[in-house]
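Chemist: Here's the letter readout for the chains.
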Amino acid sequence: MSRWNKVPESFIILDQDKCTGCGNCIIICGANVFELKDKKAVISNLNECLECGNCEVVCQADAIQVHIPKAGTGIIYECG
Amino acid sequence: MIYDVIIVGAGSNGSTAAYFLAKEGFKVLILEAGNTPGDKCHGATEYAPGIIFHSRPELVALQLKVIKQIPHLHPGDLGKAHYYYYVNRDNEVVFKSCSVAPGTTGAEESYGVNNQEFVRVLTEEAVKAGAELRTTTKVTDVLREGDVIKGVITEGGDKIQSRLTIGADGRISTVAKKAGLLKKWDINVCCYHYGEAWKFRSDEEMFEYVEHARHMFFGPTLTPPKPWGACTMGLRPGGIVTVNAPTSWTPLSSMIAAKNNSRHVYIQNLYKLMEVKRMLRVCEGFPHKPYQRQSTFLPGPPLEKPYMAGLIICGDAGAVGGICSTGEKAARFVTPLLQSDNLSDEALAGYTTARYRTDIARDEKSKKNKPTHELSEVSPTRIVHWSTGAGYMEKYDCSIDEMVENMRLAAVPHIMGAPNPQKCGEFGYIDMGAWLIAVKMSHLLKLYGPILQDPTMFPQIMKWVQKNEQSFNEKKIFDHPF
Ligand SMILES: Cc1cc2nc3c(=O)[nH]c(=O)nc-3n(C[C@H](O)[C@H](O)[C@H](O)COP(=O)(O)OP(=O)(O)OC[C@H]3O[C@@H](n4cnc5c(N)ncnc54)[C@H](O)[C@@H]3O)c2cc1C
Ligand code: SF4
Ligand code: SF4
Numbered sequence: 001m002s003r004w005n006k007v008p009e010s011f012i013i014l015d016q017d018k019c020t021g022c023g024n025c026i027i028i029c030g031a032n033v034f035e036l037k038d039k040k041a042v043i044s045n046l047n048e049c050l051e052c053g054n055c056e057v058v059c060q061a062d063a064i065q066v067h068i069p070k071a072g073t074g075i076i077y078e079c080g
Numbered sequence: 081m082i083y084d085v086i087i088v089g090a091g092s093n094g095s096t097a098a099y100f101l102a103k104e105g106f107k108v109l110i111l112e113a114g115n116t117p118g119d120k121c122h123g124a125t126e127y128a129p130g131i132i133f134h135s136r137p138e139l140v141a142l143q144l145k146v147i148k149q150i151p152h153l154h155p156g157d158l159g160k161a162h163y164y165y166y167v168n169r170d171n172e173v174v175f176k177s178c179s180v181a182p183g184t185t186g187a188e189e190s191y192g193v194n195n196q197e198f199v200r201v202l203t204e205e206a207v208k209a210g211a212e213l214r215t216t217t218k219v220t221d222v223l224r225e226g227d228v229i230k231g232v233i234t235e236g237g238d239k240i241q242s243r244l245t246i247g248a249d250g251r252i253s254t255v256a257k258k259a260g261l262l263k264k265w266d267i268n269v270c271c272y273h274y275g276e277a278w279k280f281r282s283d284e285e286m287f288e289y290v291e292h293a294r295h296m297f298f299g300p301t302l303t304p305p306k307p308w309g310a311c312t313m314g315l316r317p318g319g320i321v322t323v324n325a326p327t328s329w330t331p332l333s334s335m336i337a338a339k340n341n342s343r344h345v346y347i348q349n350l351y352k353l354m355e356v357k358r359m360l361r362v363c364e365g366f367p368h369k370p371y372q373r374q375s376t377f378l379p380g381p382p383l384e385k386p387y388m389a390g391l392i393i394c395g396d397a398g399a400v401g402g403i404c405s406t407g408e409k410a411a412r413f414v415t416p417l418l419q420s421d422n423l424s425d426e427a428l429a430g431y432t433t434a435r436y437r438t439d440i441a442r443d444e445k446s447k448k449n450k451p452t453h454e455l456s457e458v459s460p461t462r463i464v465h466w467s468t469g470a471g472y473m474e475k476y477d478c479s480i481d482e483m484v485e486n487m488r489l490a491a492v493p494h495i496m497g498a499p500n501p502q503k504c505g506e507f508g509y510i511d512m513g514a515w516l517i518a519v520k521m522s523h524l525l526k527l528y529g530p531i532l533q534d535p536t537m538f539p540q541i542m543k544w545v546q547k548n549e550q551s552f553n554e555k556k557i558f559d560h561p562f
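Protein chains in written order, with the working numbering: chain A, 1 to 80; chain B, 81 to 562.
These are computed hints drawn from the structure, not numbers from a lab.
Incorrect hints may have been included.
Said to hold, decoys possible - Label pairs and their in silico Cβ distance ranges: (1) 44/A x 236/B: 28 to 38 Å; (2) 21/A x 138/B: 43 to 53 Å; (3) 284/B x 21/A: 48 to 58 Å; (4) 48/A x 233/B: 29 to 39 Å.
To be verified - With a cut-off of at most 16 Å between alpha-carbon atoms, the simulated EDC-like pairs for lysine to aspartate or glutamate come out as follows: (5) 258/B x 227/B; (6) 148/B x 189/B; (7) 369/B x 48/A; (8) 70/A x 235/B; (9) 103/B x 204/B; (10) 263/B x 62/A; (11) 264/B x 62/A; (12) 37/A x 15/A; (13) 40/A x 17/A; (14) 103/B x 138/B; (15) 208/B x 104/B; (16) 258/B x 384/B; (17) 103/B x 205/B; (18) 107/B x 212/B; (19) 70/A x 221/B.
We treat Cβ as the ideally placed atom computed from N, Cα and C, and that holds for glycine.
So here's chain B without its partners, still in its complex pose:
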């Protein structure tokens, strides 16, 4: 038998692709190496479907359907949704602000969930939609005829054929590797994401130690030697607090200079903060033995290209990380191609430039302007993942200003309020914290221009921030500078 689509990996991206393709009526087989979907899935701090995926209503509906079935924390569970801690060069918190309070923006639609539980239920939804699932089945190779991928080979030696293979097998992508698409990455410009989780004895105990915020951002000056760093801490059901340190703002070369890895350069500094110590000291094993560690590359392992005839790579495997995002995009993109049976290299190439595009159309009935969202071909813009910002700055010798602009272009146009959303790519992965810090910093940049880049001016900037504290607190929302 020949399947329409084989999906390797029941992570959030693979299962999302499976769900949408099965719903279209295609014969879909998911192959998962773990005993249970979710076993191998790390990451994800916050789910804010309606904000991040505002241009994909069906994906939002699917994510919410899943979230409602699993344990989750809602901003309403604590007083404020987010807190920002500004950390100075002496590693002290000099200012705390809250940018969003529940009920004032779309942020009340954000949820703290464990990715494992999310993926388990998501995969069940894919199966309900008609996909076939085989767990404890590791794919070891692709079936290849010349330059066309025709299916996969499993550890047990089974050869399974399909019209299209989707490699959604995460950061060690056997599919990408065997297809010959994996490349090396220059350590000086790459970034990665390392995180630890700590466990309180219960949700209640956790809330006791956290002051009215479910999501906390520490930055931007945490990380020596460059004054950029954004560590985040998020609460999860089950008395879990996750601590994430993207190396986003500091190129790895500075870690090389410090002769240390991110655990030491970022996380250890975070644990020295009095505010963090107070919170975490009651966790088991703190500060030496975390409950769990996780790590991934950003924005995913470098690929030659994320497609070839008969094959699409998505998710962490496909060089763009983030929950569900590229899985959904891949499914949407290949649906017409599967229907017309054109899965050539040229046809699939559009996958890399296709973006969700928002247009405003006049609805004649209601006489109102309504946004329409579609996946369409746009001229490839300079899409730069925010997390690569620092490496980018170093490599291309660009200013902080340019970096912020690049991040803004890379992010979801709606949130960033980019002046010309059509020109912007759409990026599924956005860390709200880093984004907001960037927004705030760019606000400061506008006011203070070059002095922000002069470290001796830092105290003055802090003074400005403190002066504005009152208005931050009164308004409870941050004025959008763009």
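If we strip away everything but chain A, and leave its shape as in the complex, we get:
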């Protein structure tokens, strides 16, 4: 099972002011972390994050920053 060690900080930062509501992050995120609410992306499912960084590289508005979670926390893969 991929497990999840609770991340103490919010490691994905979404800047609502910069977000243009383009939906790129929603399309690229295989884990359904984002939702579009009132034409802005919101993080609704952070615990599902696979730490792939895709959302950051496709957000042309620079509204998303993904940091790797604190040492020893976040996703733990079991089978590849």
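Starting from the known structure of chain A, arrange chain B with the ligands on it as the hints suggest.
Modeler: Just chain B with the ligands, lined up with the frame of chain A:
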């Protein structure tokens, strides 16, 4: 103290680099954010070292040494190694063929392993070779003097110096980002790889539900609206089956049009196939709650360039994904530069054009021609990752034919039998399934030319394929069209 090399990330690429550099006698420090190497490592469906890395015997030896120490499935564990399912527009399997049977080709040297176990043992080998490892240590920044990277800063505030830093920190590369090398990617031409894993209660139970194949490819027509798609399913020790859906053949713009992400566009279609349902219905949580999910960018996050003075980026972090490949290449490439202490931007630039090149040399003793392999500078050819094919087609408005040709050039020349291997780049990452489907499709292309691109002709092509089924099955290997 100043290390010769700091490697950020004990994934398959970082640990491979660490192993080869430590063996050369350099002072190597690996910094890993996870509690154990492998915790954060996803991906990899099949390991076929001798095939994929045929031009790098030392890497093959290292991979096999590791594989032998961990649980793995061998093609011999099941009757046939690979099966191909051709799926029509109505999402039905219309034809099944097996391309490789164990014992007939090098494919018997392919293994199904879990990347986590592989990485754990690989890192142990690096440590045995002399590398120092610190786990639960996250790197948060690079040490920079002007335009030169001089080491890293950890979460705990430690500043650690090195002559060279290797960023092998995976798809969220702090090193690439802090060095200012990360760029944005145009969503219309990028591809990514999403996968799910399901769990049977045991290996035995898994074998019961899978008909004589350890690796299955579904395509090429699975994915609407473009008739390209290659989902793969692979078996792993511990009763695990992994399902992978590279968005390789369909540019994301079609997902945007479908207003959905790959889980819905690809994987859900796959789960509707009767053949797949039959297999997976006994897995826990099927079809809604997979045992595990994983995702990565292909071919890795876009970088300005994967090097600068004092720094090399490799693996997923460095825009080229794939197991061990660029880690080994980076180690080989920097070894003479570390020895001569020339780690300037210009010196490291060769990293992007250096390719493993195979030449045939006459061995005077045995009077036989022997292949020699070396890492050398070649004129940069148009290296196009197969997975970017679809986006490429769309962006440059090229034909399927051209795309197949590009994929062929991008792939390992040996497998693809390219007419002029010296001209081809060498690419570590190749998904055998997508490649074989491409090969088969290009075979069909040769025979049928443009009609393949006409969807109404599809039934006729299937007829041709069915006519050839017998010879596929008799020969057990697929005739190489190139
Ligand atoms: C579904 C799927 C299927 C795939 N199938 C295949 C396949 O069949 N064949 C193939 O060759 N490849 C395949 N891949 C790709 C392959 O898995 C990856 O390219 C490869 O594992 C990347 O290895 P890496 O060493 O570059 O990075 P990773 O394995 O991601 O390792 C990076 C390491 O760096 C550590 N790290 C990250 N940030 C920091 C930090 N700031 N400080 C310290 N440590 C840090 C992480 O904890 C991790 O251990 C697949 C990928 C996916 C998602
Ligand atoms: S990709 Fe960026 S701009 Fe577009 S919806 Fe997501 S956060 Fe907003
Ligand atoms: S890092 Fe990947 S899984 Fe996590 S939110 Fe971004 S796209 Fe989704």
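Chemist: Hint by hint, note whether the structure agrees.
Modeler: Going down the list of hints, with the structure as the test:
1. 44/A x 236/B: 28 to 38 Å: 32 Å Cβ-Cβ, so the 28 to 38 Å window holds.
2. 21/A x 138/B: 43 to 53 Å: 51 Å, holds
3. 284/B x 21/A: 48 to 58 Å: Check passed, 50 Å falls within 48 to 58 Å.
4. 48/A x 233/B: 29 to 39 Å: 30 Å, holds
5. 258/B x 227/B: The hint holds at about 12 Å.
6. 148/B x 189/B: 12 Å, holds
7. 369/B x 48/A: 12 Å, holds
8. 70/A x 235/B: 8 Å, holds
9. 103/B x 204/B: 13 Å, holds
10. 263/B x 62/A: Roughly 11 Å between the alpha carbons, so the hint for residue 263/B and residue 62/A holds.
11. 264/B x 62/A: 9 Å, holds
12. 37/A x 15/A: 14 Å, holds
13. 40/A x 17/A: 9 Å, holds
14. 103/B x 138/B: 12 Å, holds
15. 208/B x 104/B: Roughly 13 Å between the alpha carbons, so the hint for residue 208/B and residue 104/B holds.
16. 258/B x 384/B: 13 Å, holds
17. 103/B x 205/B: 10 Å, holds
18. 107/B x 212/B: Roughly 8 Å separates the two Cα atoms, so the pair holds.
19. 70/A x 221/B: Answer holds: residue 70/A to residue 221/B is near 14 Å, not above 16 Å.
This entry satisfies every hint, going by the numbered hints stated previously.
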